[in-house]
Every structure is written in structure tokens, then in C-alpha cells.
Amino acid sequence: MAALRCFLRSGKNAVAAGLRREIHQTAPASLQVTVRDALNQAMDEELERDDRVFLLGEEVAQYDGAYKVSRGLWKKYGDKRIIDTPITEMGFAGIAVGSAMAGLRPICEFMTFNFSMQAIDQVINSAAKTYYMSAGLQSVPIVFRGPNGASAGVAAQHSQCFAAWYGHCPGLKVVSPWNSEDARGLLKSAIRDDNPVVFLENELMYGVPFELSEEAQSKDFTVPIGKAKIERQGNHITLVSHSRMVGHCLDAAAVLAKEGIECEVINLRTIRPMDIETIEASVIKTNHLVTVEGGWPQFGVGAEICARIMEGPAFNYLDAPAVRVTGVDIPMPYAKILEDHSVPQIKDIMFSVKKTLNV
Amino acid sequence: MRKMLTIISTVLRGNAGKNGAEVLSEGARAVVAARTYADFTQQATFDIKKCDVHKLEEGPPLTSTLTREDGLKYYRTMQTMRRMELKADQLYKQKIIRGFCHLYDGQEACAVGIEAGINLTDHLITAYRAHGYTLTRGGTVREIMAELTGRRGGIAKGKGGSMHMYAKNFYGGNGIVGAQVPLGAGVALACKYQEKNELCVCLYGDGAANQGQIFETYNMASLWKLPCIFICENNKYGMGTSVERAAASTDYYKRGDFIPGLRVDGMDVLCVKEATKFAADFCRSGKGPILMELQTYRYHGHSMSDPGVSYRTREEIQEVRSKSDPISMLKDRMLNNNMASVEELKEIDIEVRKEIEDAAQFATTDPEPPLEDLCNHIFYNEPPMDVRGTNPWSKLKSMS
Chain A
1 MAALRCFLRS
11 GKNAVAAGLR
21 REIHQTAPAS
31 LQVTVRDALN
41 QAMDEELERD
51 DRVFLLGEEV
61 AQYDGAYKVS
71 RGLWKKYGDK
81 RIIDTPITEM
91 GFAGIAVGSA
101 MAGLRPICEF
111 MTFNFSMQAI
121 DQVINSAAKT
131 YYMSAGLQSV
141 PIVFRGPNGA
151 SAGVAAQHSQ
161 CFAAWYGHCP
171 GLKVVSPWNS
181 EDARGLLKSA
191 IRDDNPVVFL
201 ENELMYGVPF
211 ELSEEAQSKD
221 FTVPIGKAKI
231 ERQGNHITLV
241 SHSRMVGHCL
251 DAAAVLAKEG
261 IECEVINLRT
271 IRPMDIETIE
281 ASVIKTNHLV
291 TVEGGWPQFG
301 VGAEICARIM
311 EGPAFNYLDA
321 PAVRVTGVDI
331 PMPYAKILED
341 HSVPQIKDIM
351 FSVKKTLNV
Chain B
1 MRKMLTIIST
11 VLRGNAGKNG
21 AEVLSEGARA
31 VVAARTYADF
41 TQQATFDIKK
51 CDVHKLEEGP
61 PLTSTLTRED
71 GLKYYRTMQT
81 MRRMELKADQ
91 LYKQKIIRGF
101 CHLYDGQEAC
111 AVGIEAGINL
121 TDHLITAYRA
131 HGYTLTRGGT
141 VREIMAELTG
151 RRGGIAKGKG
161 GSMHMYAKNF
171 YGGNGIVGAQ
181 VPLGAGVALA
191 CKYQEKNELC
201 VCLYGDGAAN
211 QGQIFETYNM
221 ASLWKLPCIF
231 ICENNKYGMG
241 TSVERAAAST
251 DYYKRGDFIP
261 GLRVDGMDVL
271 CVKEATKFAA
281 DFCRSGKGPI
291 LMELQTYRYH
301 GHSMSDPGVS
311 YRTREEIQEV
321 RSKSDPISML
331 KDRMLNNNMA
341 SVEELKEIDI
351 EVRKEIEDAA
361 QFATTDPEPP
371 LEDLCNHIFY
381 NEPPMDVRGT
391 NPWSKLKSMS
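Sequence order for the protein chains is A and B. The first sequence begins at 1 in UniProt numbering and counts up by one. The second sequence begins at 1 in UniProt numbering and counts up by one.
Only chain A is shown next, with the shape it has when bound in the complex (with noise of 0.2 Å):
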């Protein structure tokens, strides 16, 4: 039944499947963790390591959470350190920030981060720009994490991706994890930085397993913020994305392979700081550029990676110019048909990489 629904999610399927029953003969070690159960054992070791930390927002203690992400929590850790809050985001997200000036570590939980726009100038002016403000008087220690962007069949008012929005302000980090490795490691990051972190999941993914290696099961693995991760090497082109649609470029470049393009799939993994040098390195060696995001065009992420890689010396290397897969840029619709063409989908990747290598 999970294989079936795993089969159903994405184009990880057949691969995900096999690998599924095998593993039990060959990596004993290594596990088949899901996205949501990667971002639970996260919290629920540095919950246990540090007794500063705690988390709040709708539903995450009774409920167990809106996605299930905090299953467990409040039954381990009771009402101090697992709160639920009444649906008041300006409220809330106030009193986390309040609570992380005065010596905790607070998780807010935004249910989607489209009801993060309510609370947006908590986030902004009170976490981003007060250690700057002070001097160095007053840091803020504080997560906002939450899923982020399309969903399915959920409409314009819960779909928006906000990478951009948040990518855009100093003071800010924004991390943006694709796979289980990513979750686990960047949130125990996020977690343990000393400064106002917004963790970007993606509710498509939570379901989603992916092998974990015995490393990366450790309680004290963490993926650092600021480095993004080649997931896949390749001679001649070089694709970067974030979230769910890394998945969706390793599927695109599974599909080249067979016609001789090798491509090069970057998971940026933060959005801010952004780690533009592995881009260079890799445009350098490839010559060609296309970034894909789920997100809106008009300044978005991929409009910031373009911007860079014009200013910086991975241009010369350019051979043809460097292209942006995004979102259509409309309000997301509801019916299927028009919500599956409102986000890229693997042919359209694939037909940019076409078009930039002129084949």
C-alpha cells in the first residue's frame, strides 16, 4: 500500500519501490526515512538536546499536527514545550519572536506559509533586522518553518511560494530541503543557528521516503546552511533548483541521459545565503544554465541566480544564456488540468535544456 501510494507521488517511483525491498539484504545500516519522519526526529532530538527549545503554532500538540509533522511531540514533551496556539499568526509569531529575545529557541510553525503573511512584519522587522538595529545587542534565535508553495488542488490562496519574498531580506536565512537528508540535517541546523531562520517544506514532499544513510541518522548529523549539493554530476548543462523540483530535474536528466545530455542537478538547499560559487563552478564547467522553480517568475530565485551569474565570472563560460523555469505567472487555479500546468512538469525542463543546448 505505501509502495503503491509512493508509486503515485512521484517520478521517483519504480526506483523508490525496488530499492524499498531490497534493502533490507544489502544496507542494513541505512533506512528508508520519509520527509515528514526526517523533520519529526529532527525536532525531537533537539528538542531533547536543549531544554530552551520549544515549538508553537496551530494544531502542533493535540492534533499531532495539520501534516502529521509533530506526531508525538506534545504526548513526549506535554504543554511547556509543545503549544498550541489559537489562529492568530500576528499574535503568535509575535510572542515566538518576544520569547527568542528573552533566552528560548523557538519553533513557529506557520500551518502553510501563505498565513505567514499575516505575521509577515513579526518575521521581518522584529527577528530579520533586530540584531542589526541593536548592534549586536539582541539576537533573535527562532525557526518559522512551514510548508511552502503548490500543493494539490488547494487554489490560489494556498499555493504561493514565498522563497522570493523571504530570500529578499537581510537578517534573514531561508533554507528551502528537498529530500529526507536535507529536512533532517537543515532543520537540526536552522535549529541550533543563533539567528532567524525560515525553513521552506513543501506539504507534496512530507510523504515522500528516501534512503538515509547511517551518517545522516546520527543525532548530531546537520547539513550546513549556505551549501547547496550537486546531486547529480554532468558534462553539459547545469540545472539548479530547490525543493520538490530537484526531484523533478534528476527525473528530467534520467530522461536526457538516454539521449546523450548529461546534466548537472544543483540542490541550492538555502536560498539565503546563496550559495552562488558551486553555481559558478559548475556553469563554468558546463557552459550551460537553467534554473527551475515552482515559484513566480518575476523576481524570483531563478531571476537572483541569472542576476549573479551575469556579474560574476561563470558568464564567459556561458555559451548561450542562462534561462528560468518557474511557475506560470498566474494565481494558481483549482481544476487539475489547469493546476498540472500551472507549475513546470518534467517536459517542460526538459524542453528549456533542449532549447539552451540548441538540440
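Keep in mind the hints are simulated off the structure, nothing from the lab. Backbone N, C-alpha and C fix where the C-beta goes; we use that ideal spot for every residue, glycine too. Among these hints, one or two may not hold up.
Claimed, not checked - Far from chain B, some chain A residues (derived; all Cβ distances over 10 Å):
#	residue
1	72
2	74
3	151
4	346
Said to hold, decoys possible - Beta-carbon label-pair distances, calculated as ranges:
#	chain 1	residue 1	chain 2	residue 2	range
5	A	103	B	286	17 to 27 Å
6	A	226	B	212	55 to 65 Å
7	B	309	A	62	53 to 63 Å
8	A	311	B	397	11 to 21 Å
9	B	397	A	51	31 to 41 Å
10	B	373	A	310	24 to 34 Å
11	B	212	A	78	25 to 35 Å
12	A	78	B	357	18 to 28 Å
13	A	328	B	212	27 to 37 Å
14	B	99	A	311	47 to 57 Å
15	A	78	B	323	34 to 44 Å
16	A	341	B	168	48 to 58 Å
17	A	78	B	328	49 to 59 Å
18	A	226	B	392	18 to 28 Å
Put chain B on the given structure of chain A with help from the hints.
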């Protein structure tokens, strides 16, 4: 006796004056000091205005006992605050202070009275009219003024300005109206969580009192029984809008609904002190938050760009100054009850004036922050990083 003292001090002053400044010579001071111990009343009890209460069985006491020592301390602090704000006014008009400058003169009894009712280990947060609180929470006049003039000796190294001053257990100085209220409740949450029997005083104005996030905060603070004293400094005008034109209910002490409230005479430092002590006891006993409305008045306009007379009359301002000035009220009480002498208070005035002059001198001569500081303090506890400047070739250094 008094006449004799005046004669002696005049004679001695003639000998000792430095730069023509009025300085009480050693001799005169010794004569005055000799009078201190024997003649003054060490302590007196004063009647204070009764506080209106909301959802409370009883309010703060109707009398307040003041020691001579405390009286002199409150007088000095209020006078320092007053002179500091007036000096800021001067510097602003000389364009040495820029941008926003929201002055606190007239409201001194609030800041001083509140601090008298809590401990320095308690926490406090307020909005942008924050210079007075920066002082009572441990900032020096020098640091405050240098921050206003944007110099490296400022309390925030010149990077915050008037609205963003911080000190230990003082969380600013906040520019967004109302945003500080949830922050304050968060500080109170941390107090409760860390079990140190500390509380948070969370201030806002009559203008902010209509903000939605404040009601969200009332709800959570009450639900979770946070040790938070919400204080509305009602100075009757939110910028240029009088309370009657902004609020359907101007009973700000009742606006917390399920949160008990007090309406307090904010011009009387003793009334504010007693009310704050009452509120602090309430919080510390674990009963949850409480709300205080301080009825006060600001002499200046909303900020330095507001003359303050387009929405209120000069007569109104003058009336408050003559009938309810907080410093005069304390001074009269002390003099009428033989708790201090005119000379003694004058000497404090002189010392305060000198302190302000020195601070202003520092604030105008201290250099501006070095350009190297431009990109510092983005992140805490972080290795040095590069920050993009105005153009792609400009890579600036950022240190933690």
C-alpha cells in the same frame, strides 16, 4: 536661617565660580549639607488618586509612602529625562539629530514610576517614544544622545537611532505600532518558562491600543497566564488623532475584557509606582496578565515634525504644564513636607544640566560609526561573510 545661608552662599559663590557658571562653592555646600541630616523629614505618606478598576475586587492603596532618598532619586531621574528630551529638541532643530524623534517630556512620571514598582531583573518593552525607558533601564544619557546623533558611542553604535535603543532586559524601542505587544508577551512566556519569577512590562500608546495584534496578545497572555503587565500610556492623542476620534471605547483599561484593569493617574509618580507594585504582585502570584492605563500627557507633538498645536490648543498644553506637571508635583510634595530644600533641588538641577551638557557635547563631537561597520551585525555567532555592495564589484565584509 535661610536668609543667612543665602548670604553665605552668595559670598562663597563669588570666589569659586568656574567660567562664570553657577557653582555652589565647597563652603556653601558644606553648610547646606550640614542642614540635611538634622532638619529634613526622612519619610512621608501621601494621598494618591484612587484608581478605577475593571474586574478587580480592589485596587492599589490610596496612599503612598515616600522616603527622602527615593524622592530625591525620582526627582533627579525625571529632571534628567526632561532636560535630555529638551536638549534633543534643540539638537533636532539644529539638524544634528535627523529622522524620527519622539519626545517624552510630560510623561516622566510613567517611566520613573513603573521602574520604581519593578526590579531591574524584570523585563520591559515599549514603542518608539523610548528615550525615557532607555534611561530607567540602565542606559546613560551619553549613550542615548550619541545614538540620537548617530555616533559610534551610541547605545546601538549609531545603527538604530531614536527608535531602536536596547539595554539589558530592555527590548527597545520598536518602530512598528503595536508590534511590541506580542513581543512583550513572548518575553513574559520566556519568564514563565524559565521559572525565574520575573515579569514583563509591555507598553503601548492610545493609538496602538486599537491594533488587532494587541487583542490577539490579550487572548494568548490570558489563556496561558503569562506574567505580563500591559500598560497603555494614554496621552490623549495618537499622532494628530484624539482618542475620541480613534476609539469606539476610550476606557483603555477595560479593553482587555477578560483581563483585569486599572486606570491610573500617570502624572503622579507615586500613583504610578503603587499601581505598578500592585500589578507586579498580581502577575507574580501566577494570576496571569493585568492591564494598566496611565493617563498622561506629552508636551511636544507626536514627533519633532509635528508642532503639536494643530489638533490641540496651546491653552490645553499650558494648563497641563501648570496644574499637573509630574516634576513640579513631586517637587511641591517634597518641599511642602520638608523632605528637601530649594537649594538642594536646585543643586540637582545644576548637576543634571551639566550632565546633559556633557552628554550633548559628547554626542556632537563623537565620530560617526566607521564605514567598516556598515555590514556588521547581520548574523550572530557567524564566521565573517561577504555582503554585496551597491555594485557587483563591491564586496563588503560582514562580521558578527
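Hint by hint, here is what the structure shows:
1. 72: Given a closest Cβ separation of 21 Å, the condition holds.
2. 74: Fine: 15 Å to the nearest Cβ keeps residue 74 of chain A off the interface.
3. 151: holds (26 Å)
4. 346: The claim stands: residue 346 of chain A keeps its Cβ more than 10 Å from every Cβ of chain B (closest is about 34 Å).
5. A:103 with B:286: 17 to 27 Å: holds (20 Å)
6. A:226 with B:212: 55 to 65 Å: Violated, at about 36 Å.
7. B:309 with A:62: 53 to 63 Å: Given a distance of about 56 Å, which is inside 53 to 63 Å, the answer is holds.
8. A:311 with B:397: 11 to 21 Å: holds (18 Å)
9. B:397 with A:51: 31 to 41 Å: This hint holds: roughly 36 Å between Cβ atoms.
10. B:373 with A:310: 24 to 34 Å: Holds, at about 30 Å.
11. B:212 with A:78: 25 to 35 Å: holds (30 Å)
12. A:78 with B:357: 18 to 28 Å: violated (57 Å)
13. A:328 with B:212: 27 to 37 Å: holds (34 Å)
14. B:99 with A:311: 47 to 57 Å: This hint is violated: roughly 32 Å between Cβ atoms.
15. A:78 with B:323: 34 to 44 Å: violated (55 Å)
16. A:341 with B:168: 48 to 58 Å: Because 57 Å falls inside the window, the suggested range holds.
17. A:78 with B:328: 49 to 59 Å: holds (54 Å)
18. A:226 with B:392: 18 to 28 Å: For residue 392 of chain B against residue 226 of chain A, whose Cβ atoms are near 20 Å apart, the range 18 to 28 Å holds.
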